[in-house]
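Number of protein chains: 2
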Amino acid sequence: MTIGILLFAHGSRDPNWKRPFESILSQTQAQAAGPVALAFLESMQPDFHEGITSLVASGAQAIRVVPLFLASGSHLRADLPELIAQAKAERPDLDISIATAIGESQVIQESIARYAAGC
Amino acid sequence: MTIGILLFAHGSRDPNWKRPFESILSQTQAQAAGPVALAFLESMQPDFHEGITSLVASGAQAIRVVPLFLASGSHLRADLPELIAQAKAERPDLDISIATAIGESQVIQESIARYAAGC
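These protein sequence lines are chains D and H, in that order. The first sequence begins at 1 in the working numbering and counts up by one. The second sequence begins at 1 in the working numbering and counts up by one.
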């Protein structure tokens, strides 16, 4: 089964804001077995729906959403489940799962702590 | 010279939002040679001023601010320099530097990409 990865970030009206996320996208694409796309909650394109559509067009039969958020606020607890419910209503056969937000991942926390400590 | 590290995060009205940052704080404290504090831009305590004050009280003679932000928007380009200017006006002898925001650090980007790709 081809699993697509949807990197999901907040978005900003500042066009330069997306650069780190585009860099993470290209680095993830270089490592993932299946298609990878980047989508934004607000203010930037592509949006969640467009991200899902592009992954399906690239052959994804299931999708893993990776929230590029440091903490789980209302965006991840309310907005994202609603977006996923809409996507499932359109594509009932598509399995969509949500990974732990990056900031809540132990391995990412360790990486941030090492960077902050200057190690 | 004792260098204090100030982890600087956005903040949220949701009290649970700060948990990943508190975890990063304790992991950074376990690795850093000097004192480490966590401060928030808005909606949470301690604020930037309180964070600086606690690091100085802990013996910091210089401070490295590590922005726990994934990208540099107006918070890092406008709000943070203003907070630093205020702190320097109060403590002209205190050297305060700003690290690259975590999301713009190559090593953190690599860690996020590995996590996202499921490697």
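None of these hints come from the bench; they were simulated from the model. Any given hint could be a false lead.
[Unchecked claim] Selected chain H positions facing chain D (in silico; Cβ < 7 Å): (1) G11; (2) W17; (3) T28; (4) A71; (5) H75; (6) I102; (7) S105; (8) I108; (9) Q109; (10) Y115.
[Unchecked claim] Going by beta-carbon spacing under 10 Å, a handful of chain D positions derived as facing chain H: (11) R13; (12) Q45; (13) I96; (14) T100; (15) G103; (16) S111.
No residue lacks a Cβ here, since even glycine has one placed at the ideal position from N, Cα and C.
Subject >> Restraint check, 10 Å cut-off on beta carbons, for S111/D near chain H >> reply: With a minimum Cβ separation of about 4 Å from chain H (threshold 10 Å), the hint on S111/D holds.
Original post:
Measuring from the C-beta of I102/H to each C-beta in chain D, is the shortest one below 7 Å?
Top reply: holds, 5 Å
Subject >> Interface hint status, T28/H versus chain D (Cβ within 7 Å) >> reply: holds, 4 Å
Original post:
Quick one, is the A71/H hint okay against chain D at 7 Å, beta carbons?
Top reply: Nearest chain D Cβ about 5 Å off; hint holds.
Original post:
Does the interface hint hold: is W17/H within less than 7 Å of chain D, judged Cβ to Cβ?
Top reply: Holds, because the Cβ-Cβ distance from W17/H to chain D comes to roughly 5 Å (cut-off 7 Å).
Original post:
Was the hint right that Q109/H lines chain D, CB cutoff 7 Å?
Top reply: holds, 5 Å
Subject >> Interface hint for R13/D, Cβ within 10 Å of any Cβ on chain H >> reply: Holds: closest Cβ of chain H sits about 9 Å from R13/D, inside 10 Å.
**OP:** Against chain D, run the beta carbon of Y115/H and see if the smallest gap drops under 7 Å.
**Re:** holds, 6 Å
Subject >> Interface hint compliance - H75/H to chain D, C-beta minimum distance less than 7 Å >> reply: With Cβ-Cβ at 10 Å, over 7 Å, it is violated.
Subject >> Hint validity - G103/D Cβ closer than 10 Å to any chain H Cβ >> reply: Nearest chain H Cβ about 4 Å off; hint holds.
Original post:
Taking 7 Å as the limit, does the beta-carbon of I108/H come near enough to a beta-carbon in chain D?
Top reply: holds, 6 Å
**OP:** Under 10 Å, Cβ to Cβ, is where T100/D needs to be relative to chain H, so tell me if that hint holds or is violated.
**Re:** Since chain H brings a Cβ to about 9 Å from T100/D, closer than 10 Å, the hint holds.
Comparing the model with each earlier hint shows violations of hints 1, 5, 12 and 13; every other hint is respected.
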